[in-house]
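Engineer: Quick note, the sequences are listed as chains A and B, same order. For the first sequence, the UniProt record's numbering assigns the number 1 to the initial residue and increments by one for each residue that follows. For the second sequence, the UniProt record's numbering assigns the number 1 to the initial residue and increments by one for each residue that follows.
In short, the hints are calculated from the structure, not lab data.
Derived lysine-lysine pairs resembling DSS-like cross-links, with alpha carbons at most 27 Å apart: (1) B:Lys-91 with A:Lys-598; (2) A:Lys-598 with B:Lys-107; (3) A:Lys-598 with B:Lys-108; (4) A:Lys-775 with B:Lys-91; (5) B:Lys-91 with A:Lys-585; (6) A:Lys-775 with B:Lys-108; (7) B:Lys-91 with A:Lys-572; (8) A:Lys-780 with B:Lys-91; (9) A:Lys-775 with B:Lys-107; (10) A:Lys-585 with B:Lys-108.
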Amino acid sequence: MQFSIVKSIEDGLPLKAYAAEPDAGLAVRVPINNKPGSESSNFRLIPPGAPQTMAPFSAAGPSPPARFIDPSVPSPPITSVPPSGAPYQRFPAPPFPSAPQTPPNRAPPVGQPPFQPPTSQVSVPPPSFRPQTQVPPMAMGSPPQNANFPPSRMNVPQPPSDSLLSGPRPNFQPPFPGYPSKQPVVSQAPSSFPTHQGSFMPPPAPPSAFPSQQGSYGPPPPVASNLGYQSRDQMQHPVSAPPIGGVQSLTEDFSSLSVASMPGSMEPGLDYKALPRPLDGDVMPSSFLEMYPMNCDPRYLRLTTSAIPNSQSLVSRWHLPLGAVVCPLAEAPEGEEVPVINFASTGIIRCRRCRTYVNPYVTFTDAGRKWRCNICSLLNDVPGEYFANLDATGRRIDLDQRPELIKGSVEFVAPTEYMVRPPMPPLYFFLIDVSISAVRSGMIEVVAQTIRSCLDELPGFPRTQIGFITFDSTIHFYNMKSSLTQPQMMVVSDLDDIFVPLPDDLLVNLSESRNVVETFLDSLPSMFQDNVNVESAFGPALKAAFMVMSQLGGKLLIFQNSLPSLGVGRLKLRGDDLRSYGTDKEHILRLPEDPFYKQMAADLTKYQIGVNIYAFSDKYTDIASLGTLAKYTGGQVYYYPSFQSVIHGEKLRHELARDLTRETAWEAVMRIRCGKGIRFTSYHGNFMLRSTDLLALPAVDCDKAYAMQLSLEETLLTTQTVYFQVALLYTASCGERRIRVHTAAAPVVTDLGEMYRLADTGAIVSLFCRLAIEKTLTSKLEDARNSLQLRIVKALREYRNLHAVQHRLGARMIYPESLKFLCLYGLALSKSVPLKGGYADAQLDERCAAGFTMMALPVKKLLKLLYPSLIRIDEYLLKPSAQADGFKNIMKRLPLVAESLDSRGLYVYDDGFRFVIWFGRMLSPDIAKNLLGPDFAAELSRVTLTEHDNEMSRRLMKILKNLRESDPSYYQIPYLTRQAKLMIYSSS
Amino acid sequence: MAWDLIFWVLCFFINIALLASSFYQLLSLSDLEADHLNPFEAATRINSIVLPEFLLQGFFCLSFLLTWHWFMFISTLPITVYHLMLYSNRKHLLDVTEIFRDLNTEKKYRFVKLAVYLLLFTVVLFRLLSASIFFFFAWKFEELDIRTSLFY
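With the hints as constraints, model all of the structure from the sequences given.
Structural biologist: Listed below in structure tokens is the structure:
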């Protein structure tokens, strides 16, 4: 059995016996102080000289803990707008009453509520109230605590005593990139903003305005309707009373959102501005990296919370998923590539017992002769060739020449013990449907052209292998032997007993048979142009491809245009049955119909074959069954409903080219190890488990991410730090066997608040997404959505229990700064294609295809899909060309609310998979004419966007191009739409 | 009388076979968990004996009905019904792709089955003994019918 060796090498021993001694050595490197009082300062320690470098997250995160505390502030969420954004100022004036926006900018900070002394909130005049003043929170900040902080804390809101009264405020602003942008909002005077104001503290009718969400996320609408500012203040007054402020534990940072109504306003509901919006996209938690600078970059490994709970009881109070999202091959920006290390004769240094790879967190002792494993704390001998003396501080003197001891991400060249066979060559096999519908849609032509154009860029030259099979009701094999001038076609029509007509030569070396392959691809479209065959012998063709590939493994690309109708694996037109929705049988539609597909998928993984499905049909093709092949072989599903080469050709061309040319890791296995006491228990994504904790990934690339959940094995963790190590053993396209190792450390905490503070919304949402999609495979859509909501509600309620009582928050929803977008993403997730609505809301195929895609998406792309960017471009298009360079300036994301759309504007909506270009009703006809040419008055859904010979059109194309380049993994085709046709969901 | 003995001997062997099959499946699953077996092999091994076991168990149950052993029939019936249910839902075979996710439930299910088979085994053993004792020593106490006094 070929995998047995892989297993023994990549074996998962981390869970077995560990030494019981404490990690004395580790404490030196990673001092973590878990004393309740000092925790906070430890975690946020920021290098003194560099406050500005703080990423928005950390700035808004733990450091200004007191900021949001003041309960009397209605809805601080505004403050959570990512600092660099200043989103509201950017609105082109029209959409909102413009007047209010400017004054705020100029409003001197001094005038703001922040300066109220902690105890005197009652006295604040109503205007200052409006705004979710982030500042009053300072009231909570405890002077004693702040006083202890070194100068580095300058970027933290100052203790009320000085900042509030002495007014050095302006000085503090620079370090706080966030503040300036927020202030506009803060100072909006109610009078100038009648409508919005109302919504900050919405009127008596919140239930109606906020139907379900409110009920679940927030407490029932409070008394509010009849409470004036004053009464509200008084009610909350005690909160800011000095005694409480003095308690350090109260520096907990959280935000709150009032779902109550505001007296005196007409407008029901919440102000959309009051809600936090992720206009900066995915912000990776940087506090984590600051704590452990030797950790791997978060693009490779993200924990749902960087604080690991120390006890079962703490875990049970953490209702969000506890786990990690791993993207082992994420694309690194220039200059940050993962270093490749060749140990050559030394052999790879690993722990004897738990097989952990040497990493920056291991400690060397005994004058450098031994090293202590950070995961199981076993003392290992240092091999002779690897020995180096230690300096006075216990560091190895050759540290700077050993990237594996300084960097969290390294790649080792694996010696022969890590191979079960010689490293395989990159292998691409194409299984192409040539039945009539495929011919008519023009798919074959685009595919053939694209493959031909990519032949030079296929990775792994000169070892790359390639092969083709086409099929309709029969299966066509192609002999591409290099001595031939033309490929020979062999037709097999016996579908019940598939055999391969030629043992070799169906799979050939690309560089040797280059001419034959090119001839074949050139003639492929014409070969079948008169084909009228409507059948599809998909199952037998798949088996044939499997037989050809099983010697080597590789990547199988399937182009399928109709429902498999012949031979094994034929599928019924079970279709989108309206009647089964809402019943217990609903989920069966989303499962493969025929066990053939699961069995086949298992066999394919076993022989290291990864499948990518390209589906094109305009009719039902049962993606649920076909996609199973991709799901368990680590592949992905590309779905182009009703493919027309004129419209979708470019998208297919780009995505297929990306699939063929991106760097791919072959015959890979991945394992994640973690310190004793915790264990990864479940894995979510597109792959198959080969043993309890070993992921088999026949072909993996930078666009795939995997999620996993962990649980505590012991009731109490005694260590102070937990380490995680992801190891991906793979064959690089160049033929080298390599191990990519990512190591990260995380503190163990005893306090639930700390877990919330270090939570990572992106990773949580990614895990939630996978869990919910998996749930749709075993139960109703509605159940999947409900369980998602329930978990978020539980988590927020738990958080509320932490703080509500002592702070007397009354009836407002509070949430930690780190999770400010959680509700938004939760709702967006419920409205995403795989989960939304019922029968009528999405085609079954579309649902399944989106489900397969989202199961593999890295965090960043997932968040963009859930909360797409919306930018306004008409002003940029109209600018005189001299100023047109300020391209960056227009890339400002607008909140996805109806108010962002101005009927005089032109907008681009980009979710990473498509563009929607929105023409306002009153957009000047010139623009439309320039962009669309003579078609500008036609029905837009039938117009395709092409470049016209004028500056405006060129600029639009340039914008689209730039947007596409920012994320090349998918190609967005523009859909044009005119106002009143587009439904952008409002994310409130 | 001889038929009674033959019947119980037969039941005895069937029961041993069922026990062995359950035990083997359980063993394969634990091997899989401990990483001594890869999922492909474990699934093939287990799936290959699932159907024979179902058939054998069905026959076991049916034979009690036909021979009018009500108590034994009722006690084997639940498993038979459960097997039928699994089969009709096409859930009787292990799904190799999701094997690790189902591992715990599958193990639990087989543990329960093993326990039930063991219970049955004790009863069958007892009946076998009584049948053989009755058969071989019937002449000694013709007036005393052990069977009737004990089991009917």
